[in-house]
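Asker: Residue strings, one per chain:
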Amino acid sequence: MYFGGDYNPEQWPEDVWLEDVRLMREAKVNLATVGVFSWARLEPSEGVYDFGWLDRVMDLLHDNDIQVNLATPTASPPPWFGLSHPDAMPVRADGTRLTHGSRDTYCVNAPAYRVASRRIATALAERYGAHPATAMWHVHNEYGTTCHCDHCATAFRAWLRDRHKSLDALNDAWTTAFWSQHYSAWEQIMPPRTTQYRSNPAHLLDYRRFCSDALLAHYREQRDILRVHGRQPVTTNYVMAGWTPLDHWKWSAEVDLVGIDHYTDEPGDGGLAQVAFASDLARSWARGKPWLLMEQGVAAMYVPDGTLPLEPGEHTRRSLEYVARGATGVLHFQWRASQGGAEQWHQGMVPHAGADSRVFREIADLGRTLSALPPAERAEAEVAILWDDEAAWALRNPALPVTGLDFRASVEQTHRVLWQQGLATDFVHPSHDISRYRAVLMPSLYLISDEAVANLTAYVEGGGTLIVSYFSGVADPDTRVRLGGYPGALRDLLGVRVEEFRPLTGPVALSDGTVGTFWSETVQLTGATAAVTYVGGGPAVTRHQVGAGSAWYVSTQLDASGLANVLAQAGV
Amino acid sequence: MYFGGDYNPEQWPEDVWLEDVRLMREAKVNLATVGVFSWARLEPSEGVYDFGWLDRVMDLLHDNDIQVNLATPTASPPPWFGLSHPDAMPVRADGTRLTHGSRDTYCVNAPAYRVASRRIATALAERYGAHPATAMWHVHNEYGTTCHCDHCATAFRAWLRDRHKSLDALNDAWTTAFWSQHYSAWEQIMPPRTTQYRSNPAHLLDYRRFCSDALLAHYREQRDILRVHGRQPVTTNYVMAGWTPLDHWKWSAEVDLVGIDHYTDEPGDGGLAQVAFASDLARSWARGKPWLLMEQGVAAMYVPDGTLPLEPGEHTRRSLEYVARGATGVLHFQWRASQGGAEQWHQGMVPHAGADSRVFREIADLGRTLSALPPAERAEAEVAILWDDEAAWALRNPALPVTGLDFRASVEQTHRVLWQQGLATDFVHPSHDISRYRAVLMPSLYLISDEAVANLTAYVEGGGTLIVSYFSGVADPDTRVRLGGYPGALRDLLGVRVEEFRPLTGPVALSDGTVGTFWSETVQLTGATAAVTYVGGGPAVTRHQVGAGSAWYVSTQLDASGLANVLAQAGV
Amino acid sequence: MYFGGDYNPEQWPEDVWLEDVRLMREAKVNLATVGVFSWARLEPSEGVYDFGWLDRVMDLLHDNDIQVNLATPTASPPPWFGLSHPDAMPVRADGTRLTHGSRDTYCVNAPAYRVASRRIATALAERYGAHPATAMWHVHNEYGTTCHCDHCATAFRAWLRDRHKSLDALNDAWTTAFWSQHYSAWEQIMPPRTTQYRSNPAHLLDYRRFCSDALLAHYREQRDILRVHGRQPVTTNYVMAGWTPLDHWKWSAEVDLVGIDHYTDEPGDGGLAQVAFASDLARSWARGKPWLLMEQGVAAMYVPDGTLPLEPGEHTRRSLEYVARGATGVLHFQWRASQGGAEQWHQGMVPHAGADSRVFREIADLGRTLSALPPAERAEAEVAILWDDEAAWALRNPALPVTGLDFRASVEQTHRVLWQQGLATDFVHPSHDISRYRAVLMPSLYLISDEAVANLTAYVEGGGTLIVSYFSGVADPDTRVRLGGYPGALRDLLGVRVEEFRPLTGPVALSDGTVGTFWSETVQLTGATAAVTYVGGGPAVTRHQVGAGSAWYVSTQLDASGLANVLAQAGV
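Chains as they are written, first to last, in this note's numbering: chain W, 1 to 572; chain A, 1 to 572; chain L, 1 to 572.
Derived by calculation from the structure, the hints in this document are not laboratory data. All the given hints hold, so there is nothing to weed out.
Residues from chain W that keep clear of chain A, each with C-beta distances beyond 10 Å, as calculated:
hint	residue
1	V21
2	P86
3	T154
4	H164
5	R223
6	R231
7	A324
8	V508
Label-pair ranges, simulated between beta-carbon atoms:
hint	chain 1	residue 1	chain 2	residue 2	range
9	A	D559	W	V535	34 to 40 Å
10	L	T154	W	A153	31 to 37 Å
11	L	R25	A	Q545	37 to 43 Å
12	A	Q569	L	D15	42 to 48 Å
13	W	T403	L	G571	54 to 60 Å
14	L	A409	A	A253	53 to 59 Å
15	L	D15	A	A376	58 to 64 Å
16	A	A253	L	D356	42 to 48 Å
17	A	V535	L	A409	35 to 41 Å
18	L	G313	W	P304	41 to 47 Å
19	A	P13	W	D559	42 to 48 Å
20	W	E311	L	A409	27 to 33 Å
21	A	V535	L	T517	36 to 42 Å
Cβ atoms here follow ideal geometry from the backbone N, Cα and C, with glycine treated the same way.
Same shape as in the complex, but just chain W (with noise of 0.2 Å):
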C-alpha cells in the first residue's frame, strides 16, 4: 500500500529536506513522485545537466526508506526551450501561438520537442535506472494539452491515411459532400482552425483521437526508453475531468498500472459518491492490473471560485474508500505547500503553518492506519456501465439536437445511483465481453459500432439484461446518423422506433409518480412493451424480451427514483 505525494524539494533549502523525511516518516509515506517539474533544474540549458541535487535527494528518500516515483519532466519545458524551438509552442485554434510562463507549454507533434524528450527521458533513465529508489516511472504529467500548428497538421494527415485509407473513404466518413468540404488532396485538410461557423462533427472527433493517440506515442517513446535502463512499472496519470482527450481504454493497455490525479468537488456524500465513480473507472480501465491514486486534494475540495476546506476526518473517509475501491496506494499534490507560484494556495500534506497542524495530524494518523490495513477484499460487481470516450467526445461536437448533452454527466448520475444502493459496478468498453454482467446500463451512449450492437445483442439473448437511455446509438463511429428511425443500431434489439425527438423545456409526469426532465421522444413499440408511460402520451420506459434476456429503453431523464424503479423492475 502505497501513501504519499509529489515531492518537490527544488523548492525548498536543503535543510528543510532533513525535516521532509522526519516528517514524511513519522507518517508512513513509503512513496514520493519527484521530478514532475524539475526540467528547468535538470537541464539548465539545452543539453547541459545537473542531476547534483537529484542524487541527494533519492539517496536522502533511500536512507529513510522512502521509494520514489521517478517522474520525466516533459510536462514543463524551461524557458530556453520555447525560445530556441519557437515552433514546438502550442498554437490555438485561432492561430496564437503561446508562450511559456506557465506549465504544458509545448506541441506534442513538433520534431524539436519530440528529441527534447526523449534526452532527458534518457539521461534520466541511465542515471536512475538502476537506483535504489527507484520503484516506478511516472511519465510526463496529465497529458492533456492540444495544439493546432503545421506540425499537427502533417501529423494529423498521416493519421488520417492510417484510419481512412483513401481520401474518398475519409471524404464519405466525414460527408463533406455537406457545404462543400470535398478534400482533393490529404494536403487540404487542417487541423480544425477557427473558421466562419460550425466546424465538420466528423473532423473535430477524427481530431480528438488523433490527439489521444499523438499523445500516446509521445508516452509510449519514453516508456520504451525506460524500459531499457529500469525494470520498475511505467505509467502516467490521467487527470479524472471531462476535458482530458485521453482514450482511457487504449492508454491503460499501454501503462504498467493505471495512475489517476482525483479533486473533488463536493462535501460530505457527494464526495464519497466522486470518490467511488473515479475509482470505479480506474479500477476497471486497469482490467486486472494495479491502479493508483497519484494525486488528490489534501482535505480540501476545488470548486470553481477555488478552495474549500474538508471537514476533520473527511480526507481519511475518502482515502479510505479509494483503497476500499481497490487502489494499491493514495498520494497527493503535493508534500509541502509552496510559497510562491501559482499553485502556492493549493494546500499541501505539510501545509503554510507547518507540521503542528490539524491537517498534518490527520495525514500521518492516515499514514499509519494505511501502513497496517489488510489487503482490501472485494465483491466482484454484477452490473456494469458502458464507457467510450469516443462517445464522450462526439457529444461535445457543436451541433446536436439541444445543447446539454453530456455523456459524462449522464454515466456519473447512472453510476450514483447505483452507488447509493450499494450494488458494485464495472464500466465496460461497449465491445468488451460482458456476459458475466447480470446487467449493463448504457447511459446517453451517441457513437456506436456494428461490432459492438452484435455484442450488446448477443449480451442479451445470453440472458443480460440490458438499459439503454435516450440519445444512444443514433450514431456510427464517424458520427453520421443511422437512418430509418432512432435509435439507430439499437431499434431492433429495444423493439422501439423513435422518428422525432422531443426536448423538454420543464418536467413532464411519468406514470410511475416520478418525473422525466431534459428529453423525451415520441416512442412507437415495435417489438417491446411500455413499462412506465409519459402521462397523457405514449410509452417512456419500454421493455423487450430478446432470447434469454431484456433490453430495456429509457427515452427521457429519469431522476434518481425514477430510475431505481426501472432497476427494480429490471430485477437489477
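Position chains A and L relative to chain W; hints supplied.
Answerer: Relative to the frame of chain W, chains A and L by itself:
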C-alpha cells in the same frame, strides 16, 4: 405556387435520387434549390469542372416535372480555394485570418474570390442557362460575411471617396475632431479593426453600409453574368435575422424576386406572429414584385439551445400563413436530412426516420394542399411601420445612452400589437411615398435625413397620423446628434422638446393604467398636448395637430395594451 | 477655487467659441482643460504643426478671464503616428496588435512614441509656457494603457535587473522552481503573455509594478520639459477606477497637485459616499499638496449599462462634497456635449439641448455658488485606513484561495462605515508615520513588508489601535506566503495563529448578533482574547493588548453593523 426545398443530391448515392423524385412527386414538390453547396464537386480543382452528376440531377428533375432553382455555389468555396488564395480568406477585426472547414470562408473584396466567383457562375450559366429545368437562379447563399483585411481597406476607401467626396467632409461627418482621429490622408483609414477602446460610431456605421454595398456588387456581378445566358429570374436569399448586414431596400431593387430564409423560435401564436412579421417585411421590400419563402425549418423551431419540434399541424398552419401574406411559394431547408456534417441534426422534409414518418406525411399533405390553393386575395394595408436598416445598424453602436436599444426588436414588438388587432401592415422606408396610409408608426428610428423629415411632415399635414416612439430622429445620417433638444429633427412636427432622457431601472405607472418600462423622458410641450401622463409626472404620450393630421410622441416603452390604447386614441 | 471642465473647441466652428466664453462667464467658469485630444489638429503630419487655432482659443479664453489647464495630447496619437510607427501600437497578451481608431493606442515603452511625445510636449511648452492663460499643465490623459510587445520586454528586463539585481534573486523571488520556470538568462523573461495555464503571480505583480513605473517615466519626461519653459504646476489625471495600474503614492510624489477623474455609479447617499471615498483618497495621496477634481460626469451616473441622470440638485450636492473634503476645484468632462464620436452621449455642461436647459442652469448656479464659497475648514482625521496599490494588484492574481478577494472593495466598504458614522478618515501607506491616528484599519492587505510590520507594531506599542481584517499580511512583497501560520507577518502583533482558511458559501452567525459572510477562519488565540465569536465555534474577532495599544483581528467579512460594533468596542 412553388413548393419544395434545398436539394443536395451530392450527399447521397444515385439510387437514393430515384426515391427522392418519387417522394417529391408524392409531395407535389415542384421546385428544388440545387447546387448551393456544390462548388467542391463542380470544380474539384481550380478551373477543372465536373458537371456530369449535375447534368444527371437536372435531367432527372426535369423528367419528373420538378423545376430547379439553380444556385451559384460561391457561399462555400472549396478547400483548394483558400489554400491557393489565402489572401481571400476573411479576417476578423482582431486580425485573425479564418480558414476553410465550415462555410462562408471568403472575403467578398478579394480579387481572387471575385475572379473565382465569376468563373463558376459563367460556367453554370453557359451549361444550364438553357436547360429546361432551370426556372430560377439562386445567387450565392445568405449573404452576410464581413471581413477586415487589406483588400477591404482598399475597397472601403474607394467607397468613402464616393460617399464623402473630400477628406474634409469625411472628417466632419465622422466628428474625427474627437479623440484626435483626424485623417490627413485617405490611406490612413482602415476597417474598424480592434483598437484600445470604443470605436467611432460613424466609422462603424459607414463600414456596415460599405459591407452591404460590397456584397451587393458581388451579387450584381453574378446576376449580370446569369442574365447573359438565361432568361430566368435571378435572386438570392436574405437571412431574416438581426445580424445581417444588408440594406434590404437597396438590395430588393436588384433582385427579380425577394427570397427570404426564415427560422422561427417561438411556439404557437408567437411563431405565427413571427411568420406575419417576416412575410410583411418581405412583401414590403419586394414593392410589388413577387417574393418567396426560400428556406424554413421543417416542423421545427430553432432556439438558442438547439432545435425544438413543432406540434403536429403547426408547420402547415405557418406555411399557409406565409402564403396568405403573399408568398409565391414555400420552400424548406432541406429536402432530406443529412447523415453527417455540421447540420446533420437540422430537420429535413424527409427526416432521418425516412418517408414513413409523421413529418413527411405532414409535408406531403401540405404540398397537396398548396397545389390546390387558389391565389391569395389580400386587402391593402392601411397602416405602415417605418423600416430602415441604416437606423438599425446605428443602434448597434457601442456608446448609446443605455444598452438595450434595439430597432428590430422595437419594430417587431409594434408589428405584433398591430397583428394581434388584425390590422394589415406594410413596412416602408421614411423616404417612401406614404400618403396612402391611414397611420404610420415609427419605433425608435435613431437616424433620419432632412428629406425624410420633410416627407413625414408632408404626410401629417396632408391628414396622416404619425406615431413616433422614443429615441427616434435624434441623429443625422452620419450619427451626429441633432442639437437644441430631442427628438432633434422631429421636434417641430411633434410639438415637444426633450432635454433629458431618463432610462428606467424599473416600471413606471402611466395615467391610462398601463406601465412604461426601460425608458422615460422629461417631455416639454411646445405645441402638443398630453394624451397619457406619467403618474406623478409630466407627459408620457403626446398628440400634436399639424395641418389635417396629427403627430404623436411616445416617450417610454409601452406594453401591448398601452400601445393599443394609444392606437385607439389615435383612431388607428 | 477652480470651476470648469474639458473644453474641446476643435469640435466646433469658431462662432460657437464666442457663445462658449459667454456661457462660461455666465457660469463663472475660470479653468478650462484644453488640448487633451488635439494632437491630430496640432501636428497634422509628422513634425508639421498648426498652432493657429489654439493661439486663438488661448487668447479668447484669456480675454475672458478664463485660465487654461493646457494638456499635452499624447494619450491620443493621430492616425499617421500608428501608420508610421506600427511597432509603437500596443500589443495584447495574446499578441494582437491594436490599431488606431479609438484613443490610447500607444506603447509607452516604444522609442518612437517617446520621441513623438517629447517633440509635441516641447512644441507646446515653447509656444504656451509664457502665455498668460496657461495656469496649469495637464500631461497626457488617464494613464493606464498596458502593452506586451518586445519593447516592453526589453524595458521590463531592465526594470527587473534594477529591482532584483541578480537572476538568482529573481528566480527566488518568483519561486520559479515551481513548474520548471527557472530562468537561466535575462533574455528568457517576457511580459506575461498568453500561456497554456495559470501565470506566475510574482511575474504578474512585477509586471504591474513595471507598468506603473514605465508610465511614470513617460510622465516625468514631459513634466521636466514643461518645467523648462513654464512655471505653472504640472500634473495629470488619475482614473479613480479599480483597473488603473498606477502606484498612487509613488505618482503623487511626482505631480505638483493630485488630479482625479471620478465617475459615480450610485444614486443618492451611495453616490455621496463614493465622493467621500474618492476625495479622501485624493487628499491623502496629495499629502498636503492641493488636489483637484479634474473630471466628473455632468449630472449623470455612469452605470455598466450606460448613463443615468441624477435628480435635480444632486450634482450640486456632490460637487460641494468634493470641496468640503478639500478639493481646490471642481471640473467636468466636458464643457459642451459632443455631436459625434464615441462619447457623443456623454453629458456636457452645455448639453445637446443647449444652454436653455435645466442642466446648464444647475451648472451655472453651482459656478456662482463656488465662486462665493469661503475656503473649506476641515478637522484633522483621527482615523486612517491603509491603502497600498501593490497589495491591491496582488489580489488580482488568478490563483488565490477563492475568487472574490478584492482590496479596493474591502477598503471602500470599510470607509463607508466610517463615513456613515461621521468619522473623518485619511488613507495612509503601511510604511508611513501613522502615530498621530487614534485608530488604523487594515482591510485585506495581502502583501506586507517586514518594515511595514515593524511600523505597525511600533504604532500599537505606542498606544495605537490597529484593526486588521482577514487575508492581511499573509504574503511578502514577492507574493510568497509567510510560513508558520496565518496571518504571517502579523501573528505576533495580533496574538493569533490560523492554520486553515474556511471560505463561506453562506452567512454565519456571530455572538454579537450580526453575521459574517464570504470568509471565516479557525483562529487560535496565542495571546489575544476573543471579542466576538462564531456562534457554536471559536473566535471571530480578537483583541490583543500590546504595549500601550491594542491590535484587533477580524477573521470574517462583517456587515456594516458588525464593523460598527467592533469600532465601538475598540473605542474608535
